[in-house]
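Chain by chain, the residues:
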Amino acid sequence: VELSEIGAGPQWGIGGLVVNAATVQASVVAGAVVLGCGVWARRQARRGSPGGMLLAWEAAISAVESRLGSGVGTAGRRAVPLAISLFGFILVANWAHLIPGWPLPAPTADLNLALALAAIVVGSVQLTAVRSRGWRGYLAHYARPYWWLAPLNLLEELARPLSLALRLFGTMFAGGLMILLIGELLPAYLSPLPHALWSTFEIAAGAMQALIFALLTVLYHEAALAPPTTQPAIAIDNERRS
Amino acid sequence: MRGEADPVTTVASLMPNATFFVEVALFAAVLGFITRFVVPPIHQAMRRRQEEIDTARSAASADSAEAREILAAARAEADGILDEARREGHRVRVVAREVADGLVAEASRRRAEMLAEVRSQEERLAGVAGAREEVVVR
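Protein sequences, first through last, are from chains C and U. Mapping to our numbering: the first sequence position 159 is 159, numbers consecutive. Mapping to our numbering: the second sequence position 39 is 1039, numbers consecutive.
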C-alpha cells in the first residue's frame, strides 16, 4: 500500500473545486438514515401510540435537556436537536462501512466531514453564548478572569473545533488504516480473525466517538449557557470529565 | 454519479477541500429538518402524555379521597346501627325482665290464693266431719 493511496478515493470536480465523492455519498446515506428515524418517530408521535423509535428519541431529548437544565427553554433550545442529530449521524457514518459488502468508506475518516461537523457545533455554541449573555457579556467573557488572558481564551475557543474534529477523524481514519493493513500485510488465510476482532472493536469505537462528539456538544452549550462568573470553572471541569 | 464529474487527481482524505462546504450544507439540511419537523412533535407528544399522567393522577387522588369519605360515612353508619341495636337489645331485655317479673309475681299471688282456698276448704271439710261425728255420737 502506497502512503499516498491511504484515504484516497474518487473525486468530483465542480467548478474547479474538488469534492470527495465517497464521503459525500456515505454522508447522504447517514443523513437519510437519521431523517428516516426522525420521520418514523414523528409519525409515532402524531399517531399518539408511543413505539420504540419515539421512546428512543424521547429518551435522548430528555437526557440532553436534563443536562442543559433551566437554560434549555431559551438560548440552549438549539442544542437538543443538534446533539441528537450529531449522535445519530456519526453513529451511522461510523458503523455503515462495517456491514460486509458495503461499498463506501466511513465518511468520518475524512477530515472534511469531521471539520464540517465541528464547525457547525462551534458556530452553534458561539451563537448560544451570544444569545445567553448578550454581545457585551459574550465579548467580556474572553477577558475573564484577567484581560491579559484574552489570547488564551481565544485560543481555547479555536482549539475546541480542532480537538472535536481531529478526535473523530483520527480514530476513524486509524480504524480504516488498520483494516487496510490487516488485509494487505497478512496472508489471506490469517487475516479473517484479526479483521473480525478489529471490526468488533470498531463497532465499540464508532459508538464511543459518536457519544463523545454529542456529549461534548452538550457540554460546550452548557458552558455557554452558564453565568459568566462560573464559566471557566465549568469549562475546565467539563474538559476533565470528557 | 461518478461518471458526471471528472475524476481529479487522487488526494488523501487528510487534505481539506470543498467537501467541507458540501458536508456543512448537507448536515445543516439534516439538522434543519430535525429541528423543525421532528423534535417539536415529539416535544408535543411528551407534553401531552405528561398532562395525561397529571390528570389521571389528580383524578385518582380525588377518587381516593372520595372513597375515603364513603368509607368513613359507611363506618359511621355501621357504628350508629350497632349502637341502636345495642340500645334496642337492652330495652327488650329490660321489658322482658319486667314481663317475667310480673308473670312470676302473678303466679306467686295465684299460688298463695289457691293455697288459701285449699286451706279454707280443708277447714270447712274438717268442720263438717266434726259435726257428723257429733251427730253419730248422739
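Hints in this document: simulated from the structure, not taken from any laboratory. Watch out, some of these pointers could steer you wrong.
[Said to hold, decoys possible] With beta-carbon atoms standing in for the labels, derived distance ranges:
id, chain 1, residue 1, chain 2, residue 2, range
1, U, 1053, C, 183, 48 to 56 Å
2, C, 174, U, 1060, 28 to 36 Å
3, U, 1049, C, 139, 15 to 23 Å
4, C, 100, U, 1049, 38 to 46 Å
[Unchecked claim] Just a few of them, taken from the derived set where beta-carbon distance is under 10 Å, the chain U residues facing chain C:
id, residue
5, 1017
6, 1020
7, 1024
8, 1041
9, 1051
10, 1053
11, 1055
12, 1057
13, 1058
[Said to hold, decoys possible] A few chain U positions that, by computed beta-carbon distances, are all more than 10 Å from chain C:
id, residue
14, 1023
15, 1048
16, 1049
17, 1054
18, 1066
19, 1076
20, 1079
21, 1087
22, 1125
23, 1129
24, 1135
These figures come from a predicted structure and were not determined experimentally. Idealized CB from N, CA, C, for every residue including glycine.
Ascending list of hint numbers which this structure does not respect: When the structure is compared with the hints, numbers 2, 3, 9, 10, 11, 12, 13, 14, 15 and 16 turn out to be violated.
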